[in-house]
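Undergrad: Sequence lines, in order, name chains R and V.
Numbering of the first sequence is given in the numbering used here, commencing with residue 1 and proceeding in unit increments.
Numbering of the second sequence is given in the numbering used here, commencing with residue 1 and proceeding in unit increments.
Because the hints were derived from the structure by calculation, they are not lab data.
Built from N, CA and C at the ideal position, the CB exists for glycine as well.
Possibly wrong hints are sitting among the right ones.
[Said to hold, decoys possible] Here are some chain R residues pointing at chain V (derived, C-beta under 8 Å): (1) I142; (2) I149; (3) K169; (4) L172; (5) V176; (6) V179; (7) L180; (8) L186; (9) L190.
Listed below, chain by chain, are the residues.
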Amino acid sequence: MTDWPILSTVTFLPLVGVFFILLIRGEEKQVAANSRHLALWTSVVTFALSLVLVADFDTTTAEFQFVEFVPWLPEHNIAYHLGVDGISIFFLILTTFLIPICILASWEAIGTRVREFMIAFLVMETLIVGVFCSLDFVMFYIFFEGQLIPMFLIIGIWGGARRVYSAFKFFLYTLVGSVLFLLAILFMYLDAGTTDIPTLLVHEFAPAVQTWLWLALFASFAVKLPMWPFHTWLPDAHVEAPTAGSVILAGILLKMGGYGFLRFSLPMLPDASEFFVPFVYSLSVVAIIYTSLVALMQQDMKKLIAYSSVAHMGIVTIGIFTFTGQGIEGGIIQMLSHGIVSAALFLCVGVVYDRTHTREIADYGGLVHRMPIYAFVLMVFTLAAIGLPGTSGFVGEFMVLVGAFQSNTWVASLALTGVILGAAYMLWLYRRVIFGELTKENLKSITDLNWREVGIFAPLVSLALVLGLYPEPFLDVLHVSVENLIAQTRGAADLPVADVPERVPVPTLAALN
Amino acid sequence: MQTFVEPDYLPALPELFLAGASVTLLMAGVFIGDRSTRLMTWLACVAMAIAFVMVLALPDERTTTFFGLFVVDGFAAFMKCLVLVGAAVTLIVGIGYVKREGMNRFEFPVLIVFATLGMLLMISANDLIALYVGLELQSLSLYIVAAFRRDSLRSTEAGLKYFVLGAISSGLLLYGCSMVYGFTGTTQFEGIAEALVTTVPGNVAAETGVLIGLVFIAAALAFKVSAVPFHMWTPDVYEGAPTPVTAFFAAAPKVAAMALLLRVFLGPFHELAGQWDQIVIFVSVASMGLGAFAAIGQKNIKRLMAYSSIGHVGYALVGLAAGTPEGIRGVIVYMAIYMVMTLGGFACILAMRQRGQMVEEISDLSGLSKTNPALALALAIFMFSMAGIPPLAGFFGKLYVFLAAVDEGLYGLAIFGVLASVVGAYYYIRIVKVMYFDQPTEGFDRPVGLELSAVLAGTGIITLFFFAYPGPILAGAEAAAAALVP
Chain R
1 MTDWPILSTV
11 TFLPLVGVFF
21 ILLIRGEEKQ
31 VAANSRHLAL
41 WTSVVTFALS
51 LVLVADFDTT
61 TAEFQFVEFV
71 PWLPEHNIAY
81 HLGVDGISIF
91 FLILTTFLIP
101 ICILASWEAI
111 GTRVREFMIA
121 FLVMETLIVG
131 VFCSLDFVMF
141 YIFFEGQLIP
151 MFLIIGIWGG
161 ARRVYSAFKF
171 FLYTLVGSVL
181 FLLAILFMYL
191 DAGTTDIPTL
201 LVHEFAPAVQ
211 TWLWLALFAS
221 FAVKLPMWPF
231 HTWLPDAHVE
241 APTAGSVILA
251 GILLKMGGYG
261 FLRFSLPMLP
271 DASEFFVPFV
281 YSLSVVAIIY
291 TSLVALMQQD
301 MKKLIAYSSV
311 AHMGIVTIGI
321 FTFTGQGIEG
331 GIIQMLSHGI
341 VSAALFLCVG
351 VVYDRTHTRE
361 IADYGGLVHR
371 MPIYAFVLMV
381 FTLAAIGLPG
391 TSGFVGEFMV
401 LVGAFQSNTW
411 VASLALTGVI
421 LGAAYMLWLY
431 RRVIFGELTK
441 ENLKSITDLN
451 WREVGIFAPL
461 VSLALVLGLY
471 PEPFLDVLHV
481 SVENLIAQTR
491 GAADLPVADV
501 PERVPVPTLA
511 ALN
Chain V
1 MQTFVEPDYL
11 PALPELFLAG
21 ASVTLLMAGV
31 FIGDRSTRLM
41 TWLACVAMAI
51 AFVMVLALPD
61 ERTTTFFGLF
71 VVDGFAAFMK
81 CLVLVGAAVT
91 LIVGIGYVKR
101 EGMNRFEFPV
111 LIVFATLGML
121 LMISANDLIA
131 LYVGLELQSL
141 SLYIVAAFRR
151 DSLRSTEAGL
161 KYFVLGAISS
171 GLLLYGCSMV
181 YGFTGTTQFE
191 GIAEALVTTV
201 PGNVAAETGV
211 LIGLVFIAAA
221 LAFKVSAVPF
231 HMWTPDVYEG
241 APTPVTAFFA
251 AAPKVAAMAL
261 LLRVFLGPFH
271 ELAGQWDQIV
281 IFVSVASMGL
291 GAFAAIGQKN
301 IKRLMAYSSI
311 GHVGYALVGL
321 AAGTPEGIRG
331 VIVYMAIYMV
341 MTLGGFACIL
351 AMRQRGQMVE
361 EISDLSGLSK
371 TNPALALALA
381 IFMFSMAGIP
391 PLAGFFGKLY
401 VFLAAVDEGL
411 YGLAIFGVLA
421 SVVGAYYYIR
431 IVKVMYFDQP
441 TEGFDRPVGL
451 ELSAVLAGTG
461 IITLFFFAYP
471 GPILAGAEAA
481 AAALVP
């Protein structure tokens, strides 16, 4: 490894792009075009750099890698401390991967204030990447909550008809959770004398305190994830946000809740996590069944996908709180898969929305006649969302359910009904939009995907399939870190480490046949 | 016969200089007349800058002079610097307004210098009499500047209200001081502190009497920092007073009054911490709550800033409620950041002119992001910062006071505080919404003026990039807190 601070580079490179976008002068059209290109190239270079991380990543250790450490507020033991491990690196790559796609997807959809939009997105990228590689609680919080500002503007300026209401709801909901999280951080700091995350990971908090800290952290992560019943901001925000905004929300922002549970709640507060397992299970099961039923009834495509996100996140929380290797790895894979699939589904909605300016399911039908490529792309992602073997959705769901069966059969069975309901609403959506006769007047001249759009979907389709067919390389990277996480959680919670069952090899298509 | 002992003038050098400067400015103004206003304003700023340098040049260790009436320490130096910067910056942002809006009188800068002098004396007061004299010098000057546009009904009303209520609070203060003097036998802070340890305990009458005195003094000081329940004058005076004057009210005098509050509670009345703690917690909770909820319905941006400042005082007092050196550091950091944000916010308000007329409605800001992106960006930064969103400076202010509160086990106060900040965030982001989400109206007159732009850029950059280099303010505040609470 060289001494080059690669994590800082990846984190702050988008801000360099922002700086250059700010320098652009000229006519409005020219400015818009230049900012698009600049933003795209900045994010592509950032993505390429983040791939260097993967190439240099050492999968044999659970230690944080690429660590950077600079004292920031030395009298408080608060430092600029960056690093990634097998868990966070995936979210980091997912972020740098999705941002160029978001920018491409907004190429024509965003026609007003293009420069500001691109700036907001690049700032978002810096903040999100910062969240996933911060190893200091105060820094984490700053990146975590700083996102409210650009996201508020993205929803509010470029959103749909009820954008103001949605933007406020998003902002205030998230803020309520976050401020309690902040108090928990302050408490942890005073208890342990540092905000350094690796130190706090091995710090033991008194069991009585853990419960309160856990609840404060839960307030933030449950809103962000979102878990039922804290999810009501999500359908509003998703529906009103511009396509790229929905993509980033569903693809990455939601994952920060799951990441928070994995990084903080479990290893730092193991007793409380153990104590709250029934609580989390209950909420997750309700989320899976209830939001799936709600999704069945939606008239609006984006809303349907938004509710399905809540259901999928329910599966993630079940996986995380099984404390088993399969469950947690499954939860992470499920998050990655959802990051790709739901992002792609929102992009699919965006494609037809750009052409017809409606998201009502009833306004579509028979698109297969005019848009065969689109029908294929949507099919792949519909099946991936359902969890068909061979797609990314399957691997995650399957592993979570394997983990859940070991811990609680009832929870696993109830979660399975969610999978069935998921198939129902997704297939029904697909049938209503794609199949049938093409009767609507305005659809008769609709055009299929253009090259830009194919370019957007191609990497997403291939990733969804690769992750589904051959997840082993991904799991390899995860494995050591997850084992370490489980050891930390179990070890501290006085559970015998031997309880961890042997890892079942993950079935691939080949194994199934 | 006692001989006169010459006091040591050196520690009071900035005050003496400023007193001389203000009298000189006054004389010069009388001879030259109103056309000298601009010159006077700049000269006043220069005088404050020189005083600033003097404050910095004086040694940091605690020295008293004028027979113990006057004290200089690290705390006083830091707060004086804040006050001088705040006063000078408000003078600068007001230049354009003063010229346009019929306030072009040379007395204005001179009165501001007098008020600033009063504030410096307040901060350095080490005796109840010195405290009162400093406070009154400040208040009387402020009453006049509040009513400075004497042809404007609103301005005179604001001045009158401020005067009447201010006079009541001064009365309360004097009454409290006399109670304390009566039961401790001294007006000197050290003497009071000593009496509270030696003679007062065990004497029920004295204990009660000093307590009542403390309550009256606390009420008067709460009035000066406009904390609930003594906040009623704030919205009316903020709205009615000419905008540069409002900016001045919101910045320097608040800092000075807060400094005084800290010194009085932690100095002479330190023994009674258990008593005043309850008062501070109540006032803090009430201010945060009222500041959060009452501002929601406001349409006038100056009124909104008034309620916002009430809320901010509540947050700052959270640090005092903790009472630890960390808490005091939190208060000082909070006030410093608050002052920067407030000055920036008022600089934005001073730029709100349409066709030569000042406008003050929030709805006038509609679509500002399109008509004047730079101004909108600056105001958005200040609003997000006041809401306490990281990485802006306002977040760090809240971080330090809540850190101290959690450290002292004041969990209820901390939880109430952060939740109130969420409610407060609603009205701050509403302004962002008006500027960024709404359709533009006609926009504001341009250019906004060189001084305003400079102040906007300066305060905006400090607010935005505080996180990158917080060292100087944090270290200064830490030293100041250490000087106050050893």
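Undergrad: All hints are to be evaluated individually against the structure, with a verdict given for each.
TA: We went through each hint and held it up to the structure:
A cut of 8 Å between beta carbons decides the hint on I142/R: the least distance to chain V is about 4 Å, and the hint holds. Using the Cβ-Cβ criterion of 8 Å, the hint placing I149/R at the interface with chain V is satisfied: the shortest such distance is roughly 6 Å. Hint status for K169/R relative to chain V: violated, with the closest Cβ pair at about 11 Å, above 8 Å. With a least beta-carbon distance of about 6 Å to chain V, the hint placing L172/R at the interface is held under the 8 Å criterion.
Look at V176/R: its Cβ gets to within about 5 Å of chain V, closer than 8 Å, so that hint holds up. Hint status for V179/R relative to chain V: holds, with the closest Cβ pair at about 4 Å, below 8 Å. The criterion of a C-beta within 8 Å of any C-beta in chain V is met by L180/R, whose closest approach is roughly 7 Å, and the hint holds. Satisfaction of the interface hint for L186/R is found here, the shortest Cβ-Cβ separation to chain V being roughly 5 Å, below the 8 Å cut-off.
At its closest, the beta carbon of L190/R sits 5 Å from a beta carbon of chain V; the interface hint therefore holds under the 8 Å criterion.
The structure does not agree with numbered hint 3 stated previously, though it agrees with all others.
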